[in-house]
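Please model the complete structure; the sequences and the hints are all you need to start from.
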Amino acid sequence: MAQYLFSVLDDKSNSGTDEEMVAIHAFNKQLQADGHWVFAGGLASPATATVVDGRDGPPVFTDGPYLESKEFMAGFWVIEAADLDVALRIAAGASKACNRRLEIRPFLGR
Amino acid sequence: MTDAGEAIARAHREEWARVVATLCRRFGDLDIAEEMAAEAFATAVERWPADGVPPNPGGWLTTTAHRKAVDRLRREARRDDKHREALMLSDTAEPLGAIDDDRLRLIFTCCHPALAIQTRVALTLRMVGGLTVPEIARAFLAQEPAMGRRITRAKEKIKAARIPYRVPAREDLPERVTGVLAVLFLIFNEGYLASDPGRPAVRADLTAEAIRLTRLVLALMPADGEVAGLLALMLLTEARRPARVSASGELVALGDQDRGAWDRELIAEGHALVRTRLASGQAPGRYQILAAVNAVHTDAPDVRDTDWSQVLALYDQLIVLDPSPIVRLNRAIAVAELDGPQVALAQIDALPLDGYHAFHATRADLLRRLGRSAQSRAAYDRAIELTGNTAELACLRHRRDQLAGA
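Each protein sequence line maps, in turn, to chains A and B.
Going by the working numbering, the letters in the first sequence line up with residues 1 to 110, in that order.
Going by the working numbering, the letters in the second sequence line up with residues 1 to 406, in that order.
If you're looking for bench data, these hints aren't it; they were derived computationally from the structure.
Any given hint could be a false lead.
A partial selection of chain A residues facing chain B, derived with a Cβ cut-off under 8 Å [to be verified]:
no., residue
1, Ala2
2, Leu84
3, Asp85
4, Leu88
Computed Cβ-Cβ distance ranges for the label pairs, DEER-style [said to hold, decoys possible]:
no., chain 1, residue 1, chain 2, residue 2, range
5, A, Arg101, B, Asp71, 40 to 48 Å
6, A, Glu71, B, Pro352, 23 to 31 Å
7, A, Arg101, B, Gly388, 28 to 36 Å
8, B, Pro174, A, Met1, 21 to 29 Å
9, A, Met21, B, Leu254, 55 to 63 Å
10, A, Met21, B, Gln342, 53 to 61 Å
11, B, Leu254, A, Leu67, 52 to 60 Å
12, A, Arg89, B, Gln310, 24 to 32 Å
13, A, Leu67, B, Asp322, 21 to 29 Å
14, B, Trp308, A, Glu19, 48 to 56 Å
Glycine is no exception: its CB is placed at the ideal position from the N, C-alpha and C atoms.
Have a look at this one:
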């Protein structure tokens, strides 16, 4: 089994409509029933981000995101699947449920 | 060429994909499969001239490549746990000797939709076709290091993202087969009408490779009508190649070709495939319909014998599957023969194909036939601007310069 990250791409945060939230909820129930579920969540906007550098001496906190861009990760899933074909099929369903485009990336193997 | 040299060339043609595919299944790693297959062939080049050609060249190559892979993994296993695991996988030995399915797995992996289309083409030519990276780079006028990186990145993605090494699930199969055929057709078309002015107009090496690969896919999926359709389409197109470019390097239109120069053997094979598909009674897909159109053309001893109503009926069938502007444009060529250029022109004028050279070339031809020389000239000019193929360019210029009042 491999794990994959689905990043939900959007230019707004917390912008899901009621219908989208219902669809996402139903989709997540199915993911859990099928044994693919690991974790998922929505993220607050990049404006709420803080960059932290604790590598050397007292930590440095910087207000705002590391990268400014029009589109960002507005939410994500982490799922488990046997291979990319299975993951792509799940991702297509996830994209439909949340009504957004997704980027899918594998976690590094052992 | 020496006997051994010929045997190696033949083994490369016939066995490369099988060796790569078998190793890939055994070791779960395209990189090792490719490198060890290449090493096994290099060993054959050294050994066969001295030791003689082994009775079963394919078996010899697979065994040699397999042994090299195991040796290498053993060496690396001393440093690396990951390779120890791969080695154990290889020791749970199924008997050597490939299942045919392995090559099919390899083809589906190389043509996976998560890879960019140019990457699929390059990977298929390397892993299945056995072309070297420099050969592929030359074929697509790319820099060799860039092509090498493209293939390396693809192999890394296949491994890291776990693109599976298997024939797709039944529900995905039709779409995935379509994807494989698109790659094969792209290779063929690049050979048949090279898009770059820096290259020869017709690249027989690429069309031959595309036909060879499509034959392989058909042998592996004999029941798939579209695979047979694509092979028939390629054969009937390739059959016309000897008549397609004039001695002076101009593309010769279908109607003006010397039909005596067409390759009868390829035509007979293509026609037989089309007949088999018709007899199957199954609804044809796009490649089968296009093959049937080409069967009508290659059936006519003279362009005046062409059964245009049959061509039109086939395009009507195709439009139901694919109502794209390009299909409408091609349909209009049959309409022009049946109902005249005026009717055809009215059907294509509004098509959103302004960036497509064939649209302007077709318009130019219809306008010429209607005696509207000035408009025809403008359309030829636009087609010339847009085309990249040297032979096509020469043909379009010639036609433009022949217009009345030139």
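Exercise. With 55 to 63 Å as the target window, see if A:Met21 and B:Leu254 comply at their CB atoms.
Key: holds, 58 Å
Quiz item: Against chain B, is A:Leu88 within 8 Å by beta-carbon distance?
Solution: holds, 7 Å
Quiz item: Does the Cβ distance between A:Leu67 and B:Asp322 fall inside 21 to 29 Å?
Solution: Violated: the Cβ-Cβ distance is about 42 Å, outside 21 to 29 Å.
Exercise. Identify whether the interface hint at A:Leu84 stands, where standing means a beta carbon of chain B within less than 8 Å of its own.
Key: holds, 5 Å
Quiz item: Quick one: are A:Arg89 and B:Gln310 within 24 to 32 Å, going by C-beta?
Solution: violated, 41 Å
Practice problem: Take a look at whether the Cβ-Cβ distance between B:Pro174 and A:Met1 falls inside 21 to 29 Å. | Solution: holds, 28 Å
Quiz prompt | Consistency of beta-carbon spacing, A:Glu19 to B:Trp308, with hint 48 to 56 Å | solution = Because 52 Å falls inside the window, the suggested range holds.
Self-check item: Whether the CB-CB distance between A:Arg101 and B:Asp71 falls inside 40 to 48 Å
Solution: Hint holds: Cβ distance 46 Å, inside 40 to 48 Å.
Exercise. Evaluate the given range 52 to 60 Å for the C-beta pair formed by B:Leu254 and A:Leu67.
Key: With Cβ atoms ~55 Å apart, the hint holds.
Quiz item: Does the Cβ pair A:Arg101, B:Gly388 satisfy 28 to 36 Å?
Solution: Since the Cβ atoms of A:Arg101 and B:Gly388 sit about 33 Å apart, the hinted range of 28 to 36 Å holds.
Quiz item: Okay, A:Glu71 versus B:Pro352 on CB: inside 23 to 31 Å?
Solution: Since A:Glu71 and B:Pro352 have Cβ atoms about 29 Å apart, the given range 23 to 31 Å holds.
Practice problem: Using 8 Å as the Cβ threshold, decide whether A:Asp85 counts as touching chain B. | Solution: holds, 5 Å
Violated hints, listed in ascending order, are 12, 13; each of the other numbered hints is respected by the structure.
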